[in-house]
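S.K.: Chain by chain, the residues run as shown.
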Amino acid sequence: MTPPIGDWAAIAPLLVIAGAALIIILVDALFAGTRSPASFIAAAGLAAAAACAFFMGGPTPTFAAFGGMIRAGGFATYFTLVFCLSGLLSALLARSRSRGTAHGEGEFYALMLFGVSGMILMASAGDLIVFFLGLELMSLSFYVLAGFDRRRMTSNEAALKYFLLGAFATGFLLYGIALVYGATGSTGLAGFPVGTGGLHEPRILLAGLALLMTGLMFKVGAVPFHMWVPDVYEGAPTPVSAFMSTGGKAAAFSGFLIVFAPAVLMAQPALRNVLAVAAAASMVAGNIIAVAQSSIKRMLAYSSIAHAGYILSGVVAANSAGSNGVLYYLMAYTLMNAGAFGVVSILESEDGTMLTFDECAGLSRRSPLLAALAGVFMFSLAGVPPFAGFFGKYYVFTGAVEAGYTWLAITGVLMSVVSAYYYLRLVVVMYFNDKPGSAAFDGRPLGLAVLIIAAIALAGFGVFPSILLGMTARCF
Amino acid sequence: MEQHILSLILFTPVAGAIIIALLPKGAARLIRTAGMLFSLGALALSVWLFLAFDGARGDMQFVEKVPWIPSLDVSYHTGIDGISLLLIVLTTFLTPLALLASWESITVRLRGYVALMLLLEAGTLGVFMALDIFLFYVFWEFMLIPMYFIIGIWGGQERIYAAIKFFLYTMAGSLLMLVAIIWLGSYAASLPGGAFTTDLLRLYAIAPGIPMGVQVWMFLAFTLSFAIKIPIFPLHTWLPDAHVQAPTAGSVILAGVLLKMGTYGLLRFCLPLFPYATFRFLPYLAGLGIVGILYGALVSMVQPDLKKLVAYSSVSHLGFVVLGIFAITEEGMQGSVIQMINHGLSTGALFLLVGMIYDRRHTRMIRDFGGLARPMPVFATFFMIVMLSSIGLPGLNGFVGEFLILLGSFRSAFLGSPWYAVTASVGVILAAVYLLWSYQRVFFGKNENPENRSLTDLTGREIAVLLPVVFFIVWIGVCPSTFLEKSAASTKSLIHRIEETRRGSYAHAAEAPGGESREGDRR
Chain U
2 MTPPIGDWAA IAPLLVIAGA ALIIILVDAL FAGTRSPASF IAAAGLAAAA ACAFFMGGPT
62 PTFAAFGGMI RAGGFATYFT LVFCLSGLLS ALLARSRSRG TAHGEGEFYA LMLFGVSGMI
122 LMASAGDLIV FFLGLELMSL SFYVLAGFDR RRMTSNEAAL KYFLLGAFAT GFLLYGIALV
182 YGATGSTGLA GFPVGTGGLH EPRILLAGLA LLMTGLMFKV GAVPFHMWVP DVYEGAPTPV
242 SAFMSTGGKA AAFSGFLIVF APAVLMAQPA LRNVLAVAAA ASMVAGNIIA VAQSSIKRML
302 AYSSIAHAGY ILSGVVAANS AGSNGVLYYL MAYTLMNAGA FGVVSILESE DGTMLTFDEC
362 AGLSRRSPLL AALAGVFMFS LAGVPPFAGF FGKYYVFTGA VEAGYTWLAI TGVLMSVVSA
422 YYYLRLVVVM YFNDKPGSAA FDGRPLGLAV LIIAAIALAG FGVFPSILLG MTARCF
Chain W
373 MEQHILSLIL FTPVAGAIII ALLPKGAARL IRTAGMLFSL GALALSVWLF LAFDGARGDM
433 QFVEKVPWIP SLDVSYHTGI DGISLLLIVL TTFLTPLALL ASWESITVRL RGYVALMLLL
493 EAGTLGVFMA LDIFLFYVFW EFMLIPMYFI IGIWGGQERI YAAIKFFLYT MAGSLLMLVA
553 IIWLGSYAAS LPGGAFTTDL LRLYAIAPGI PMGVQVWMFL AFTLSFAIKI PIFPLHTWLP
613 DAHVQAPTAG SVILAGVLLK MGTYGLLRFC LPLFPYATFR FLPYLAGLGI VGILYGALVS
673 MVQPDLKKLV AYSSVSHLGF VVLGIFAITE EGMQGSVIQM INHGLSTGAL FLLVGMIYDR
733 RHTRMIRDFG GLARPMPVFA TFFMIVMLSS IGLPGLNGFV GEFLILLGSF RSAFLGSPWY
793 AVTASVGVIL AAVYLLWSYQ RVFFGKNENP ENRSLTDLTG REIAVLLPVV FFIVWIGVCP
853 STFLEKSAAS TKSLIHRIEE TRRGSYAHAA EAPGGESREG DRR
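One line per chain: the protein sequences are U and W, in this order.
The opening position of the first sequence corresponds to residue 2 in the numbering used here, with each subsequent residue numbered one higher.
The opening position of the second sequence corresponds to residue 373 in the numbering used here, with each subsequent residue numbered one higher.
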């Protein structure tokens, strides 16, 4: 039976991106040896998909397609925008780095697009199997992308480590799906069991959900499943780290919101408390370890663990403020973290050594604009108003306090103080140090333009959060 | 214009900062002039505000309210009473003076400096205007960014340490306040028919219902944040570092205006929202205020560095303000309000004077000076007037504030003992000791150091900086009613509100034993 045309429209952004990825593979073969237009096709595809999602799905509430396998509109649309933004920022950052004909440029952008399509599939999943398909599509792209600098040892290490651990996590997730199916007889998310009433063996459902949660916690990089994060984010090419830490994290959080919807968490208080403890542990561990880092990329990696903790507290809250906060936070985080990695990407040397704080000393004199942008991203990550990072924290903590998890909010704000220390360290070396470091802006305007747009968006969403909140309110 | 006067005052410096950031880098004269014009513009508007303000009314005036984040009931809600009015005028008065004082001493990265000073002004003005706690918090945190850069870029040797300490200390306190703000909002939502809100006036209305056990935690969270800012002993340790390392203009704004944000926060939030907790902690806080008075004075006495001496004297003076606030009498509170202004003027001027001598000699150590009165008679005269104002000589402004505070705390039924006032008055004597003693060592005696003999006296620009301050020091000393009458009705209605709310919370506790259990649910 051919699905009605509405179904195809529901996945239009996905089709556009997958189509663009295929075109890249074709075109890349034609342009062998010369500068490939892959990056432009990727950027155009992502922009087209975002526009498509915004104008077709933006105003519609969530609706089912493909017999309930896909849930498009509302929620999926918002996440599609986040993913396309993450992909677009990362692709442009990658484009601004490569000189001349880089090896395998076509594959790089094609994989990125496949990754984005996987993410979109996750966020629009109406069934656990579809969700799993999306997750695998995304993860497989990540495994390859992480190892893309194949002459650099750390990049290889990142790919291998991510692959081995990721395969494990996938196993957990899949086993969880199997158990949920065993307990309820369905993998559909529409009639997902919010309670244990009527189940023959509720403990199987609990076990299944616990395993699902484990898999998702691995993907968001929350404690205690965070060990891969620093090595992978540090080893992967920097634009890929930006992509994984923003789009990949957002996709996994879409999974949290789909599978562990408020009603489900309310019915499983044990899991909810586990999640709360994991959120607190992520904030504490991520922030405290980040203080000790000398490589900026590694610092950002640990800080991303902490941010996973902040966002998780919005999930734990399981109320309107918490869920809206998660969505808002993910958009803000995509902008600020991609921006922060973007700064690293522009400044780091080509030989693959890690950018340290010392190298950035006195940057504000050599490249004032870049230093100012880095300052914006750091203040936003630290959660200082008026940037969007602050409002994101405010919303998720509002959700947590309303849900009675005041201790989680207190942990979060105390750890934010710790985070201010290491984020501001970059500002200190850039602005307050007189002895010059070696890192400087390489003069190519594309990367700088990307960062300027991200910074303006951060300030804009920060001062006028209602722009995003109007969209998030239609998601549930 | 009448309805939007507050926004005009608030956004004049913001517009100035944006325009200055776009000016060409090399045009130093243009940048300085533009900064001056915008800060004078804000001053002119606030003078208009001062004249138009109706001192007979105790409610909020010039209120503006525009929805901002409707889903959380956050609005751009501003308005002032007499207390905010005086602090706004103080802010707009000191900023142009600070800019004028750094006219020559700041040469590197001038554009950023002037723009940040204006942003700092806007941030503090926003704090004094906000009638929505969320809006207040945004300004409160935002103002850290410009101050952080001002200390960190244009500060002294240890500026990095001082800047980070300043930032982290303040942030640690204020983030706990953020949790308390969120809690208040969600408490409003938990009431029958209520919704999440951060609107201050709406929170005032529900304040009597806040369970007493929770009030204590809320009060502590808010007070911690304000106590760090004021600073109340023993949370003052960031202050000497920040003050000594900051450039002169930064110190002037820091001491003159930023510290008042803490005392203002006590008056605007802690007391009226959590009166039960206020009365419970009042003896301790008044006690800490007194410890601050004596400690600050004693430590000032032994400082070899003039700037550090002035910094510690701030701790002492702010102790008086805290004592006056927690006396919860009209005299005490009026005294605290006027003392905030006095401290802004006299300590601001002391920092300016220390900066002027530092510009000439590049040292602030008292032992490097001696006999300066001979080569610099004008400087010595200004220093004398300002110092006497700081000591509290009758006829100058300091006396008015300290007298009212001591009177208020002596008579306070809530403090319940005259000993608070008696002990605090020792601080007045100590202030005379450390200031007169340092004055003697700097200005009198033999001028033995050849470098000190060739010192030039104040320039016309420096006199122009100091004259307005001295003018108001004398004005407040001779005729304080010009200013006191603006805030009289506001302090009266504040005390009235505190007592009403307090009665309300006792009534609530009596009629609803469930109040305690609700508190249990939330934690």
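Be a bit skeptical, because a hint or two may be false.
[Said to hold, decoys possible] Which stretches of chain W does chain U cover? Using the computed rule of at least three CB atoms under 8 Å from a CB of chain U, they are: (1) 521-528; (2) 532-541; (3) 709-717.
[Unchecked claim] Only some residues are given here: those of chain W computed to face chain U with a beta carbon under 10 Å: (4) 419; (5) 420; (6) 422; (7) 439; (8) 484; (9) 506; (10) 509; (11) 512; (12) 516; (13) 544; (14) 546; (15) 548; (16) 563; (17) 564; (18) 568; (19) 797.
Don't read these hints as lab results, they were simulated from the structure.
Here a beta-carbon is modelled for each residue, glycine too, at the ideal position from N, C-alpha and C.
S.K.: For each hint, tell me whether it holds in the structure or not.
M.R.: Structure-based check of each hint:
1. 521-528: holds (count 3)
2. 532-541: holds (count 5)
3. 709-717: Three-residue rule not met by the segment 709-717 of chain W, so violated; n is 0.
4. 419: 28 Å, violated
5. 420: At 27 Å from the nearest chain U Cβ, residue 420(W) fails the 10 Å test, so the hint is violated.
6. 422: Status violated, d = 28 Å.
7. 439: 9 Å, holds
8. 484: 9 Å, holds
9. 506: 8 Å, holds
10. 509: 7 Å, holds
11. 512: 9 Å, holds
12. 516: 7 Å, holds
13. 544: 5 Å, holds
14. 546: 9 Å, holds
15. 548: 6 Å, holds
16. 563: 13 Å, violated
17. 564: 16 Å, violated
18. 568: 7 Å, holds
19. 797: Nearest chain U Cβ about 38 Å off; hint violated.
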